[in-house]
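Put together the whole structure using the sequences plus the hints.
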Amino acid sequence: MGQRLRKNLTGYAFISPFIIGFLCFTLVPMAISLYLSFTKYNLFAPPRWIGFDNYIKMFTGDPKYVHSLKVTLLYVFIGVPLRLGFALFVAMILNTRSRMVGAYRTMYYLPSIIGGSVAVSIMWRNIFSDTGIINGMLGFFGLGPVSWFGNPNAALFMLITLSVWQFGSSMLIFLAGLKNISGEMYEAASVDGASFLRKFFKITLPLLSSVILFNMVMQTISAFMTFVPAYIISKGEGGPMDGTMLYSLYLFRQAFMFNNMGYASAMAWVMLLLVGIMTGILFKTSKSWVFYESGEESEPWRTIKSNGLSIIFSSAGLLLSCCTRYFGWSSAPSRRAASYL
Amino acid sequence: MTAQTLLPHPWEWGNYAKGWEGVAGYSFGVFIKNSFVIVIVATFGAVFSSSLVAFGFARNKFIGHGLWFGIMMMTLMLPADVVLVPQYIIYTKLNWLDSIRPIVIPQFFGVPFFIFLMLQFIRTIPAELDEAATIDGCGKFRLYYKIILPLIRPSMATAAIFSFYWRWEDLLGPVLYLNSPSKYTVSMGLKMFLDSESVSNWGPMFAMSVLSLTPVMLIFFIFQKQIVDGISTSGLKG
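Chains as they are written, first to last, in our numbering: chain A, 1 to 341; chain B, 1001 to 1238.
It is worth saying that the hints were derived from the structure and are not from the lab.
No residue lacks a Cβ here, since even glycine has one placed at the ideal position from N, Cα and C.
Please note that the accuracy of each hint is not assured.
Claimed, not checked - Just a sample of chain A residues kept apart from chain B, beta carbon distances all over 10 angstroms, derived: (1) T26; (2) A45; (3) F52; (4) K70; (5) L84; (6) W165; (7) A268.
Claimed, not checked - Covered stretches of chain B, as calculated for chain A (at least 3 residues, CB under 8 angstroms): (8) 1070-1079; (9) 1170-1183.
Unchecked claim - In silico contact screen, one side only, chain A against chain B (beta carbon under 8 angstroms); selected entries: (10) K7; (11) I20; (12) A119; (13) L138; (14) F224.
Put into structure tokens, the structure is as follows:
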């Protein structure tokens, strides 16, 4: 018994940094944020309980919020598929070349490494400026200059292209997935006279579906939280005409420019709920389109799948169920999630 | 890859000198020094504590193992915005504002992404090694320190590189927590350039943008293989 206790204590001693950090910097803040979301709080006066007013105001009394939500959903729903499509395309090209692959990978991965920085956002701002290279190219083809900073749709397009350009990390994950599909399968299909498109839809996509799901979930979450490019490109204003007012930026403005801490907390919880619902939907529908190959897979993918995927999705489910339970909805996904843990 | 090659201007090395002078009386050297201090302290904390936690999860059986592991993976997916406001309030109450403490101290409690990365790596180390060491009278901490730690160096390097990138390009943290320009980071220095933007400022600003990317590029080219392998075996970067 004493030995068992010691064993437990050693385990907890090792993971104690995480436990302390989780309690202090995640769990307690989450509780505070939930509480604040029901209050009016400006940092200077004590929080005042106002019930659901923040949530009600968000959807009925704040057109700017609804607009930022729209812009963000556009950014996510257009940006993420484009980014994934592009990433898959490049991964397939890289998968066919055997020589110089290292150099290609470097070239293609570099944008992701530097892509999140202020410097690149500034560069992007300049590329799309009135006299920038994009308008220069349009001029070359005889097309008039586009005022990227005058038109809200053009400005959002600019942000989306930047996000598509940062495709490197999902591309590498696709590449790892593609490497796992055995060449024999393609050979057999070729013998049977299958066309390239047929091979792509019948072999590549199904065998890659779990990887696609994984990328989709991670990219959706990170796209939802995009802050730096919008902040830099619009100089923190979200302009033109709120065209680049992404959710995170609006939350930041409400919290730290207008000192509406309660309102910002409520926004954060709606975001958590939305992300939870989106991952939940991906997780739920994945059963019909994700194909898990039976038999042996190579080591990295097996571990990612068995540990990463299942736990990530189960925790997404848990997150969702925490949210839905809070709002009094059904908690069906949580039972499935619990079975993974 | 530099901004210059995209611009039709003649070469002007003077931009670098002009940019280096910085903004508001603070030279860019100050910002670079500040960034390096944050990056080094934060990276040390993140890598060290994450390796400890990863070892805890990988090589110890304890009650609640699955629960804590689940929680750890859950925090990996938690949008940071949810805790942004309360964290700011907590740091204000702790009087941590205008110091690097809110940016570096949380790193000392482990970073879920790094924990997962190292955990996956430790799993590939045969358990027989542990058994042999235990029979020889090696305690758990010695096992971690003497045997596992040297073996997981590759994954620690990957984590260190990522930590470097994330802290180097971090803007939100410095914007929220650093108020006096003498404590600003490179990202914030660039942002200040942008705020005081005028036609004559573009050159120096781009010079400094390029300069700010230099450490990032250098590390990338030196550790290219490490990064690509690290990513393709863990496959978790968002």
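Legend entry - Hints the structure fails to honour: Violated hints (numbers, rising): 1, 7, 13; every other hint is consistent with the structure.
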